[in-house]
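*Asks:* Listed below are the residues making up each chain.
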Amino acid sequence: MIQIEIHKRLHGSHGDMNLDVNLEIQKGEFVALMGESGSGKTTLLRVLAGLEKAAGNINVEDVLWLGNQKMLPPQQREIGFIFQDYALFDNMNVEENLLYVNDDKALAQRLLEMTELSRLSHRNVKGLSGGQKQRVSLCRAMMKKPKLLLMDEPLSALDPLMRSKLQDEILKLHKTFGTTTIMVSHDADVSYHLSDRILVLDHGKIIADGTPEEIFLKTSTVTYTLSV
Amino acid sequence: MLEIFDLSSLDFAPFILSFKLAGITTLILFVLALPLSWFLSQTNSKTKPILEAITALPIVLPPSVLGFYILVVLSPNSAIGAFFEDLFGVKLVFSFSGLVVASCFYSLPFMVQPLQSGFESLNKHMLEASYLAGKSKLQTVLKIALPNIKPSLITALIITFAHTVGEFGVVLMVGGSIPGETKVASVAIYEMVEVMEYGTAHIYSALMVLMSFIVLLSVYIFNHSQRKIGVH
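Chains as they are written, first to last, in this note's numbering: chain Y, 1 to 228; chain D, 1 to 232.
Accuracy of the hints is not assured; some may be wrong.
Stated by the list, open to error - Derived BS3-like pairs: lysine-lysine, alpha-carbon spacing no greater than 30 Å straight-line: (1) D:Lys46 / Y:Lys105; (2) Y:Lys70 / Y:Lys105; (3) D:Lys143 / Y:Lys145.
Stated by the list, open to error - Derived DEER-like restraints, expressed as beta-carbon distance ranges: (4) Y:Gly38 / D:Asn123: 19 to 25 Å; (5) D:Thr43 / Y:Arg9: 20 to 26 Å; (6) Y:Asn124 / D:Leu32: 31 to 37 Å.
Note that these hints are calculated values from the structure, not bench results. On a predicted model such as this, the values are computed, not experimentally measured, just so you know. Where is the CB? At the ideal position from N, CA and C, for every residue including glycine.
The whole structure should be built from the sequences, with the hints applied where relevant.
*Replies:* Now the structure itself:
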């Protein structure tokens, strides 16, 4: 189980606000984090990854990542992170990108096969298409078999066809590796299909928390917020 | 007149000395400037503009000012000069070691600035991805940052080398003109002009122009080809 209690002052485009989040996430859960731009979604993800400082506690399967005046550096958190802009290592080919994280050739080959990238494994990543890059980044994130997979709008830069294909691959990897996943998404459709649970963030606070059905069918105010 | 242009009679020692000085300076500066330029590229602290201004000082200061202060600080009468002379037996003024120290100050901005701007141009997420992969800052700099700023790296190394070969004022003040020890090519040319040996001065100068041009041309060709790779 993951226990999160985070407090952080944000200086956003809508002025200053406080990010106050208090929640528990079950092992193996797929959580979608939704809300308007500037509501603190990406910051929350970056705090979980240890890329930004915050006050509070983060406890992941009885390991303290944040708390007691201590902050575990990103290097020591077992995290897979998917950036919106892929953030691949441009000086390496596809396979090298994976092996840089963890020198396990068998795992790298298995991941590349699962995402149909095997034939591109010796290609330089600079020449890949957006969809291929995001699949490489997905494989790279899984190389450490992370306890927590964090995705920051992983599909937003892709066309609809590629989006639905990658959606399936994300779900396949999430299930195969039994990872706990938190995904920031603007896209109601993506969140509905992928997640077990949706959290809606507004001005740094969680204003709705429930299954996709509860969030989209029952809470009209939330649906309104999301559609804005 | 023909004798003057007999290349075999030319003394190439000043050139060899210039290149030895530039090579050693470039190596030392690379090691020193790497952490400094990395820090400057990653920090938002208030000390950043101060450090940047200090680093850039050698570009704007007259070489005589730099030379004067280096002389004052490194002379055996100063604490630092005395320390090196007592402990290591190294004389830091009017010696080759002194020239290396002076050149490191003189060429510092030419190493730091290209590296810093290269590091600043990197996608921050790429560096963060490396940290999240469990890699330390040092591993990230060596395996991710440096290989991804090759044009800036080559520019920094070559320009530092070329700029050190081209220095004159600082070298003359700190090193004087001891043949084989501190008499580098630029100083040798100055002396030849003073004693009106225009023939040799011509050959030396032409060699400097030619070598500098080839060095700069190779940097620009390399950077051009790298940009082409980036586009395709």
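*Asks:* Going through the numbered hints above, which ones does this structure break? Give me the numbers in ascending order.
*Replies:* Going through the list in order, the structure violates hints 1, 2 and respects the others.
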